[in-house]
Amino acid sequence: MIPIQHYLVVAAALFCIGTAGVLVRRNVITMFLCIELMLNAANLTFVAFSRFLGELHGQIFVFFVMTVAAAEAAVGLGIIVALYRNRETLNVDDANVMKW
Amino acid sequence: MTVVFFYLCAATALISALSVVLQRKTISSALSLVVCLGALALLYVQLEATFIAVVQVIIYAGAIMVLFLFVIMLLDPTSEKFAAPARRVGYAAVPLVYLLGVLIWRAAASYRPAFDGAGLGAPSGIAAIGIELFSNYLLPFEVTSILILVAVLGAIVLAKKKL
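Same order as they appear, the protein sequences are chains A and B.
In terms of this note's numbering, the first sequence opens at residue 1 and continues consecutively.
In terms of this note's numbering, the second sequence opens at residue 1 and continues consecutively.
Don't read these hints as lab results, they were simulated from the structure.
No experiment lies behind these values; they were computed from the predicted model shown.
You can trust all of the hints, since none of them are fake.
Derived SDA-like pairs: lysine to any residue, alpha-carbon spacing no greater than 20 Å straight-line:
1. Lys-25/B <-> Asp-93/A
2. Lys-25/B <-> Met-31/A
3. Lys-161/B <-> Ala-82/A
Heads up, incomplete: computed chain B residues facing chain A, CB under 7 Å, no partners named:
4. Leu-14
5. Ala-49
6. Ile-52
7. Val-71
8. Leu-96
9. Leu-100
10. Ala-151
11. Gly-154
Yeah, the Cβ is synthetic: ideal placement off N, Cα and C, and Gly gets one too.
Kindly produce the complete structure, drawing on both the sequences and the hints.
Okay, here's the thing in structure tokens:
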């Protein structure tokens, strides 16, 4: 039996890798992929606690997170396509119209 | 056996996650993320969350990542110049490493052998999840359908030629 701490450490490491990716990379699609990575780290935590507390609520929460992630991916990729059409770029540093 | 399986899956997930961040080409990052999602699905199987594992493969790896790959192929982004990290990246690394350290330390410090869940086990299975979803979580479930409808409409409006 693997203790829950192992799963939590893996999820924490995944989340930190995702955060680092959002901060380091300038490509908007790669940043989006890193956001998905962070969502999955949270999902792993939910499922681990669901298993070790003997309840189903964590798995239901993961189900909702996945649906929201699907909706978010559709809208986000639409924004990326619109950005590429108007700006001819995928670099977030070039999309700075609203930047102070 | 299960321990070896766990460490194999966890190592695969972490290495492919690092690959998502470090790959130069966007398409390689996306494919690395698919590997990471598969490894996580195996971890879910080990946690006796078979429904979540199946949904992970079908929806995440099957639908969302295909959407990503379509957009990547459509836009054909030139590979990002992975230049030397800018100065602000160095600053960003400090709180990140701190955060990771604190998380691991907290997790290790809170280790209680009684809390290993042996013999507990979630009432897994699609039937239990379905009953829960359509009784206690009925309202959030219906709201989700509205959310998806709005997202679809928003994506269509955003992707139209003339905004």
